[in-house]
Amino acid sequence: MDAGETFGPGDATATATAAPARDEVFVRAVDLPTLSLRQARAAVGHQLDILSPLPPAEVVASVVLVGPTEEGLNRYAVGLAPRRLIAETPAEGRTVTLIGRLDGQVIAFRFSRGGRETGLGAWLEIAILAGACLAIVLAAANLRVDREIDAVQAKVDAADAGVQQKSHEAAALARVAGAWRVAAATRRAGLVDCALTSLVKASGAPVKIAGVALAGGQLTVRLAAPPTTGAVAALKALGVTQVAASAQAPAGPAPAGAAPGAPADAAAAVLPMQDFQTSVAACR
Amino acid sequence: MPLTADTTAARPTALSVALAALAAIVVLGLAIRLGLQLSALHSVGNDLAEARRTAAELDRTVAEGVGAPLIDAGAAPAADALAARLRSLGLVVQKTQLVAATPAGRGLAVARFVVEGRADAVSLDRLSLWADANARSAILEELTANAGDDGKSNVRIELDALVRGLKAAPS
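Protein sequences appear in the order of chains E and W.
For the first sequence, the working numbering begins at 1 and goes up steadily by one.
For the second sequence, the working numbering begins at 285 and goes up steadily by one.
It is worth saying that the hints were derived from the structure and are not from the lab.
Where hints are given, some of them may not hold.
Between beta-carbon pairs, the in silico distance windows are [said to hold, decoys possible]:
#  : chain 1 : residue 1 : chain 2 : residue 2 : range
1  : W       : D356      : E       : G216      : 21 to 31 Å
2  : W       : G391      : E       : C133      : 30 to 40 Å
3  : W       : E426      : E       : G162      : 33 to 43 Å
4  : E       : D146      : W       : P361      : 34 to 44 Å
5  : W       : V376      : E       : D157      : 49 to 59 Å
6  : E       : C133      : W       : S323      : 18 to 28 Å
7  : W       : E426      : E       : P226      : 37 to 47 Å
8  : E       : A141      : W       : R420      : 53 to 63 Å
9  : E       : R144      : W       : P361      : 54 to 64 Å
10 : W       : D356      : E       : A140      : 24 to 34 Å
11 : E       : R175      : W       : S372      : 30 to 40 Å
12 : E       : A140      : W       : H326      : 17 to 27 Å
13 : E       : D157      : W       : S372      : 46 to 56 Å
Per the computed footprint, the stretches of chain E lying under chain W, defined by three or more beta-carbons under 8 Å from a beta-carbon of chain W, are [said to hold, decoys possible]:
#  : region
14 : 132-144
15 : 151-160
16 : 232-243
Backbone N, C-alpha and C define an ideal beta-carbon position, used for all residues, glycine too.
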């Protein structure tokens with residue numbers, strides 16, 4: 001059967017049957033229709049002021065199921081002991097066991113040692129249970145967050161690898177784009193059209209060209225025939241300047257009047273200059 | 285035999301207190317660890333967001349590329365496509381060679397072509413205007429023309445062009 005319990009004052013609703021008190025415990029028998037010790041305790045608690053010979057505030061009660069009655073009810077023995085006695089009785093733990101007698105039958109009643117101690121114990125039990133539950137929840141949360149961190153870290157690693165690859169790609173692209181922009185700015189193809197137009201404009205007539213060389217943003221044109229002085233001046237005004245024959249000049253036919261087989265520098269020294277040069281910045 | 289109501293052993297208060305203290309310590313430890321973990325998770329999340337932002341910026345940079353492609357090598361070899369373009373300008377293309385290629389983002393490559401052929405002055409002028417009009421996609425790196433007896437010149441062109449879909453980069 002279950003343990004005895006301490007009760008305080010309450011409403012009296014159950015019927016009580018008096019029994020002789022023996023030892024330190026005053027015992028009463030109570031017939032109740034329930035087998036539930038909890039309900040029996042509650043009923044006794046409500047009737048404590050009726051059942052107790054002492055003021056309810058000064059007693060503690062313990063309930064023990066004795067057995068069924070002939071009327072189909074269940075008989076409980078209610079042990080009532082002075083609260084002072086319980087407090088003064090040496091005992092192990094938080095309970096005091098006292099012997100009582102009901103109709104000559106020995107009954108061991110278990111009394112809790114005072115309300116405050118009972119409250120502390122209950123609170124400790126609740127705290128332990130709550131702590132255990134909270135610990136389980138926290139441990140689960142720890143595991144979950146651990147996994148989440150691992151997953152996010154894996155994503156970070158992948159993203160970092162991607163960023164590194166893209167960085168290399170972007171850096172290579174930046175180098176290519178920079179070189180492309182520089183080349184595009186200095187190597188304007190329109191320079192050929194500009195130079196040819198300038199030649200026609202300066203000569204006032206179609207010009208025969210022996211060769212054209214465009215490299216590094218510089219255009220060199222070798223005329224097939226020596227230009228007139230006026231044409232040279234006009235070309236200079238248009239940004240096309242006369243230059244001595246050089247290695248960068250077009251490898252076309254030698255300027256008119258050059259001796260066959262003569263060295264190039266010698267020819268450049270004695271022959272009229274037919275090479276003209278211009279650049280993107282100069283050509284107008 | 286006496287009836288007894290003492291069926292549940294009472295736990296000593298000291299043991300209960302010890303258990304409660306133990307539970308409190310465990311809970312506190314787990315709570316502190318959870319706090320640290322959440323902080324780490326937040327930090328890692330920030331790292332991830334930063335990495336994704338950087339990746340997006342780099343994607344945008346790479347997507348901008350160098351310029352628009354002049355030639356799409358998906359349908360025909362790039363050298364052949366360039367030769368066809370030059371022929372349409374009036375040049376007689378004898379040889380077109382792709383000599384180098386450098387990746388330029390968005391599936392593009394900067395390709396260096398060397399073209400040999402023959403052209404008159406008008407064709408050369410047209411070539412220069414065409415290259416100038418496509419300056420974002422092509423750069424006339426070098427042009428050498430030497431007049432022949434028939435009024436046409438032997439021409440050698442080095443042209444850099446942006447090509448889409450160029451598979452392998454020649455050395």
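> Which of the listed hints are broken here?
Replying inline: Violated hints (numbers, rising): 2, 4, 7, 10, 16; every other hint is consistent with the structure.
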